[in-house]
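Q: Just so we're aligned: 909 in the working numbering is position 705 of the sequence shown, and the numbers increase by one with no gaps anywhere.
Hints listed in this document are in silico derivations from the structure and should not be mistaken for laboratory results. The reader is advised that the hints may include incorrect statements.
Computed list of lysine-lysine pairs in DSS-like fashion (alpha-carbon distance at most 25 Å, straight line) [unchecked claim]:
| id | residue 1 | residue 2 |
| --- | --- | --- |
| 1 | 956 | 986 |
| 2 | 885 | 923 |
| 3 | 1025 | 986 |
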Amino acid sequence: MPSSAHDPAGKAREPGPDDTEELSATTSPGTARHDPGVQHDLDAQHDAAAARGAGHRPPAALPTMTARHWWVPVLAGVGGYVGTVVGIVIALVLSILGLALQGDSDGGSTTDRLNEEISNATGLDTDTSGLRWILSVPFQLAAMAALVPLRLILSFGGEGVSAGITVPQYFALACGILTAWLIARKLSTRMRVETRGVQWLMAAVSGLTWAALALVVTALTVLRLDVPFFASDIRVRLTALGGGLFPVLFLVGLLSVAAALNARSTQVSPGRIVVGAERSTPGVLQVLRPIAVQFSVFGTVAGLGLLIYAFVEGGAPAGFSALFWLPIAVGWLFVLSLLSALTAGGAATSLTGLTGRSDAFYLWSEGTVPVWAVVLCILLALVSAVCAAITWAHVRPLDERVARTPLAWTVLPVTYFLLGLLAPWLLRVGGYASGGMVGSSNAVFSLRPAGWTCLVFLVWGVIIELLARLVVPAFMHTLPRRVTRGLRGSERSRGRAAVVASAAAMGGAGLAGAGLAGVGTRATPAPEAPATTSSAQHPSAEPTATTALQDATAAYSGPHAGSGDETRVLPSYDDPGATTRMPAQRAPMDPATKKRIRLIAIIVGTLILLAVLATVVFSVLSRTVFGPDNQAEDLLRSVTDGNATHAAEIANPNVSSGQRALLTDDVYGAAQNRISSYEIKDTTIDGDRATVNATVTQDGVTTPVALPMVSDSRNGLFKSWRVDESAGVPLYQALTVEVPAGVGELDVNGKKVSVDTQGQPHTVEYTVLPGDYAVGVSSSSKYVTYGGNQVAEIRAGSPSSAPVMSFQPSFTPALEEDLTKQLNATLDRCAQSTEFEPEGCPFGYSIYGDDEDYRNPRWSIQRYPTYSVSSYGNQATFTTDRSGEVRLDYQYNEEYDDEPADWTDRDTTSSVSGYGTVSVSGNELTINAND
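Throw the hints in and build the complete structure from the sequences for me.
A: This is the structure we're talking about:
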């Protein structure tokens, strides 16, 4: 605003002997004198100013500005944008370094893995090592600092797909703000900013430069590619141009440079707007400091914890990419620790499956955050709130005016409420996808603080206000000096705040007509009165803005205040006695008392620190040394080493002893293609139950497995974990073998395994670990075989259906040979018979007529028959393939009467064949022939 320290032409004028002597914000009551001569001069000057006001305009900002006033904010705006881009480049370089340090030798180079991820997400072959990507991506990511989405637009044959994601890049934005602030502060060292109008005009130029430059560069560096797709090309466009880019960066540049130029302003007294705001809402100009202190305390500790957690759980890629995600993660944790919630919208509701199918996620949601982490976060939130209360107790004004103004109680809570309204916008991560090559589809997701966060913040604002008024004053002056200075700010800022508060206590610039002419008039230092209670006499006592305000208020609260009998002039910022004449607020503390308080504080702080450390150590040990992943790793190590006995002890398969027959070191140790390696990925603990997620590599294939764990006992203070066999162990699978009748032994991986011998075929089920099992049936007879070994390939993560091995008996060639020998032996025995019809023989001769006419039969085998054997269950049937031939030689009586017989030799042949069954018992054959 225009200042009376300048003439209408805008030139600075020095105070002359006739100028008004201005009262300081720290003038004691004894120094405020009423001089009738001075009052007469003031009235004359006021009348002259009123006469000239009809023909002259108030001092303008532009005439006082030189070329330097224009190019300094331009450079600051350019520097702000360059700083933002540099912040993105730093984050990108660290992220690439994290990928390179991951040590995945099978994954190829970093760019190859990045190309693969992009290809998996979009289905397009890309090359991120190209010059286009290098020159485009950093500038597009820098635009995301303005809370605009990064959009990917694909067009093909007149149709298109658009997808975007919004992840605020606050680290890059902080780099830009710091760069703009430093440039504006450095280049304006010898510059006079005559009025607040000049200050804000320069800040606006900087904001316009920053926003315009970002808009132009972002538009020029849009990534445009033509990606081959079958017989045509897909046009790809990657851009972060958005409607919020210009206004957000303009506002950021405006505030950054205005803050930097605040120290260069030569306006000696607070303006009307500042005084009016402070008078109507006391403390509004200092209200952001306790909020900044609270977030700084919380963010420093929480950010360090999140960074350590990222390195431990996610490795180098997650840790080194923290500059992209850590600021937003700290903001989310801040909201959650203040007992608010995050809400998911659109497709992001799938991320809240652990919260009972709700779209709200709280810090204590079941199974998401460990109990110790919840306790630490809430404790950190309380500590940060106490720090904010201490800060507010130091910086807010304390005088009768505040006590009389009900709005003074609402300044801080309302500010917290407004911050809660902004939180869903400032801390929102979201995305969308729309359109399609075929048809049309839309999808949206978002993750942000809940809509009721503003009400939660309002409650915290009320709590901090109450702490600052009722609790903090009891101990605020016992804190270490450095802590107090860090919380309440520099002496300069406190002094300027005291001047504003004293001006507000006076009633502002317009309370007295004569006082209007004195606004901003540079005062001649008043002679100092003896200060018997000054800080100079008490080095240990710290001057405060409160005492300065009380002095200044006392100087203007005489019996004629506001009556028109005395002209009141606003206090000056640069009064040299503003700090030297501030009396001590309290007497120095007794050294013994101070030592006792310090000792108590050290003891209490040590106990709290030890309690926190004990909690952290207990939690770490519970998750590491005594964690469920140790049992899981022991199980996987035993399986990898082929130690099935120990594996069965760790994870009880909960089956009978007969079904455990293959869970021996001899059998499983000889299995081929066992699990060769494993890796523990992460562990999810939900009360007394946990799930250890791991991957196992078997026969060159990596498979994820989830091992259920349960804790039903304790090892001292720590939970004792074991594998939960009731939930099923994914490493155990079933192998079913159909055992033939009469078999009492199996051959598994070259080892003999006994089975029950039964007269009928039966089924045996075994519980096995992943590997290849070569199973064969041993035969006790040379006549029976069950074929060769059958191999069952048991794989981790394979379907639950158990493989079944079936063995059918078959007869060896020895059966046919011995069968033929036995049948031929029977024929030879029959051929020795002297009967025409040998009993039990497959051949014979039927006599027709008188038996006395036939004599001397002699049998001979002319040709043995051949046989074929077929199996039927445990029996074999045989039939004649080619009939044999037998010859009978005998004598026949050709005389028909009783005369002497006439014997003649005769012979005949007949075929020999047969069929029947053969039973096998060990190495014995039982033949049941049917002639």
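Q: Taking the hints in turn, state whether each one holds.
A: Status of each hint after checking the structure:
| no. | hint | result |
| --- | --- | --- |
| 1 | 956 with 986 | holds, 19 Å |
| 2 | 885 with 923 | holds, 21 Å |
| 3 | 1025 with 986 | holds, 16 Å |
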